[in-house]
Amino acid sequence: MKTAQEILAAIKTALPQAGVELVLNPSPSAQHSLRLDPVHAVAVAVFLRDDKELALDYCSNATGVDWPDKEISEKVKTTKVVDGVETVVEETVKRVEPGYLEAVYHLFSMKNGPTDPGGPVVLRMRTANRTDQVQLPSLTPVWRSCEFQEREIFDLFGIVFTGHPDLRRILMWDEFEDHPMRRDYVDPDDYEYEPTPHDEVLKRAEEHKTHGVVA
Amino acid sequence: MAVEPDLKIELGKQGVFVTTVSEIYNWGRKNSVWPMQFGLACCAIEMIATTMARYDLARFGAEVFRPSPRQADLMIISGTITKKMAPQVVRLYNQMAEPKYVIAMGACAISGGPFKQGYNVLKGIDRYIPVDVHIPGCPPRPEALIHAFMALQARIDAQPLTGESRPRHLDAEAQSLFPVPTQGAHDLEPPMNKLVWPLPAPPRAADSAENCG
Chain H
62 MKTAQEILAA IKTALPQAGV ELVLNPSPSA QHSLRLDPVH AVAVAVFLRD
112 DKELALDYCS NATGVDWPDK EISEKVKTTK VVDGVETVVE ETVKRVEPGY
162 LEAVYHLFSM KNGPTDPGGP VVLRMRTANR TDQVQLPSLT PVWRSCEFQE
212 REIFDLFGIV FTGHPDLRRI LMWDEFEDHP MRRDYVDPDD YEYEPTPHDE
262 VLKRAEEHKT HGVVA
Chain W
4 MAVEPDLKIE LGKQGVFVTT VSEIYNWGRK NSVWPMQFGL ACCAIEMIAT
54 TMARYDLARF GAEVFRPSPR QADLMIISGT ITKKMAPQVV RLYNQMAEPK
104 YVIAMGACAI SGGPFKQGYN VLKGIDRYIP VDVHIPGCPP RPEALIHAFM
154 ALQARIDAQP LTGESRPRHL DAEAQSLFPV PTQGAHDLEP PMNKLVWPLP
204 APPRAADSAE NCG
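In order, the protein sequence lines correspond to chains H and W.
Sequential numbering from 62 applies to the first sequence in the working numbering.
Sequential numbering from 4 applies to the second sequence in the working numbering.
Honestly, the hints are just simulated from the structure, not real lab data.
Hints are supplied without guarantee of correctness; some may be wrong.
Stated by the list, open to error - Which chain H residues stay away from chain W? Per the calculated CB distances, all over 10 Å, these:
#1 Thr64
#2 Leu69
#3 Pro89
#4 Thr124
#5 Asp227
#6 Arg229
#7 Leu232
#8 Asp235
#9 Pro241
#10 Glu253
#11 Val262
Said to hold, decoys possible - Listed below are the simulated PhoX-like cross-link pairs for lysine-lysine, each with C-alpha atoms no more than 25 Å apart in a straight line:
#12 H/Lys172 - H/Lys73
#13 H/Lys131 - H/Lys141
#14 H/Lys131 - H/Lys155
#15 W/Lys119 - W/Lys87
#16 W/Lys16 - H/Lys270
#17 W/Lys197 - W/Lys87
#18 H/Lys73 - H/Lys131
#19 W/Lys197 - H/Lys270
#20 H/Lys264 - W/Lys197
#21 H/Lys264 - W/Lys119
#22 H/Lys131 - H/Lys63
#23 H/Lys113 - H/Lys136
From the three backbone atoms N, C-alpha and C, an ideal C-beta is built for every residue, glycine too.
Between the sequences and the hints, there should be enough to build the whole structure, so can you do that?
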């Protein structure tokens, strides 16, 4: 199996216009991944599948990740004129890094089989934001095994896969509107009766009592 | 009118069998409780084991698991009830003919169990339908299910055929259909049936101050 860097080089040679970048994993596993730009994702996926040497013909897993908006506070040194004297003042500047949704795919090669160790090739795709631009191209036409898993991502994270043959909710019911695996999801408040509450359940039960939701 | 036990035994020795209508009626009922054949999760595996040779639920007259709610008397809620499944469970219960009984088997069926805090799990089936016997355990052993079944039999045996607590099939006024919850935008609607799941009185301030440590 080629390393992520080698695969990246192979993609760059075959598809020079495709925007692919390496996302490094600093942990000891060093399981680096390739971030595809959504426009060229399908072309890159087809290349990875059909390339004679890589032959990544099997997508074992597709899942989602929610990255909420992140507030970052940084200390910035600026020079200011205070009482006619120029002094260096340290200021804390807060900025919000916009969040996004991410789809992650794990690829293996069945053709190269067990003689081809090295773990999965990891692909990532990111949406533009978490609210209205949540479209990503579906990779189901490339790897059929993505079908149900992309439906699950659609259901639980709310990523809309364009080009998916049958994009419906798969776990929750059709009338359901939320996306439960998003970080800001609040589950329904049915903690009316908790005879032995503790930890999180205790908190929820207390809220219930104070808000007087008990009918 | 009940027959005195001593007199009954004495008459039995003489070859005379004495009983009452309610006694023989309930004796027949309790020994032919046919459960409905459906399982929801891992508790169903224990339920299946209970029916097999080693534990043999047939000894209690319940060997016939009916695949149709129309022919079943007992619903064994064996496992986690997801909110997607809950309307179907209530609908199946509605389709059963009276008299019908419910055993909530295992932690999930009672309260949601280990999945209680999940957004997709109903926190106990007794939110929607009346439950006769609750069995704790995760999953309960087959012996526990048999114990629950015997508890149900004792309950059926003790049921008077007249008066307030008579079986529902002898009470024309009794409620036999329970509203099936609809799957709403955020949760099941309504989240519980208050007629079968009345909330306990909220604890008094003094009590809760004592109990919370």
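Going down the list of hints, with the structure as the test:
With a least CB separation of 39 Å from chain W, H/Thr64 remains clear of the 10 Å interface cut-off, as annotated. With a least beta-carbon separation of about 38 Å from chain W, H/Leu69 lies farther than 10 Å from that chain, consistent with its non-interface assignment. No Cβ of chain W comes within 10 Å of the Cβ of H/Pro89; the nearest lies about 32 Å off, and the non-interface call holds. Every CB of chain W is more than 10 Å from the CB of H/Thr124 (nearest about 17 Å), matching its label as outside the interface.
At the 10 Å boundary, the C-beta of H/Asp227 stays outside the reach of chain W, the nearest C-beta of that chain being 18 Å off. Remark: the non-interface label on H/Arg229 is consistent with the geometry, its nearest Cβ contact in chain W lying 13 Å away (cut-off 10 Å). With a minimum CB-CB distance of about 7 Å to chain W, H/Leu232 fails to clear the 10 Å threshold, and the non-interface call is violated. Here H/Asp235 does not stay apart from chain W, with its beta-carbon only about 8 Å from theirs, under the 10 Å limit.
H/Pro241, annotated as away from the interface, has a beta carbon of chain W within 10 Å; the closest lies near 5 Å. With a cut of 10 Å on Cβ distances, H/Glu253 falls inside the contact zone with chain W, its closest approach being about 6 Å. Look at H/Val262: its CB is around 7 Å from the nearest CB on chain W, not clear of 10 Å, so calling it non-interface is violated. With a C-alpha separation of about 23 Å, the suggested pair H/Lys172 and H/Lys73 falls inside the 25 Å cut-off, and the hint holds.
Annotation: proposed proximity of H/Lys131 to H/Lys141 is violated, straight-line Cα distance about 29 Å (limit 25 Å). Taking the CA atoms of H/Lys131 and H/Lys155, the gap is near 10 Å; set against the 25 Å cutoff, the hint holds. The straight-line distance between the Cα atoms of W/Lys119 and W/Lys87 is roughly 15 Å, inside the 25 Å bound, and the hint therefore holds. With a CA separation close to 63 Å, the supplied pair W/Lys16 and H/Lys270 exceeds the 25 Å bound.
Among the hinted pairs, W/Lys197 with W/Lys87 is consistent with the structure: their alpha-carbon atoms are about 20 Å apart, no more than 25 Å. Between H/Lys73 and H/Lys131 the CA atoms are separated by roughly 32 Å; this puts the pair beyond 25 Å, and the hint is violated. Note on W/Lys197 and H/Lys270: the hinted pairing holds, with a Cα-Cα distance of about 18 Å set against a maximum of 25 Å. Taking the CA atoms of H/Lys264 and W/Lys197, the gap is about 23 Å. The hint holds against a cut of 25 Å.
With a C-alpha separation of about 14 Å, the suggested pair H/Lys264 and W/Lys119 falls inside the 25 Å cut-off, and the hint holds. For the proposed pair H/Lys131 and H/Lys63, the alpha carbon gap of about 34 Å is over 25 Å, so the pair is violated. Using a Cα cut-off of 25 Å, the hinted pair H/Lys113 and H/Lys136 is violated, with the two alpha carbons roughly 51 Å apart.
Figure legend: structure checked against the earlier numbered hints; hints not met, in rising order: 7, 8, 9, 10, 11, 13, 16, 18, 22, 23.
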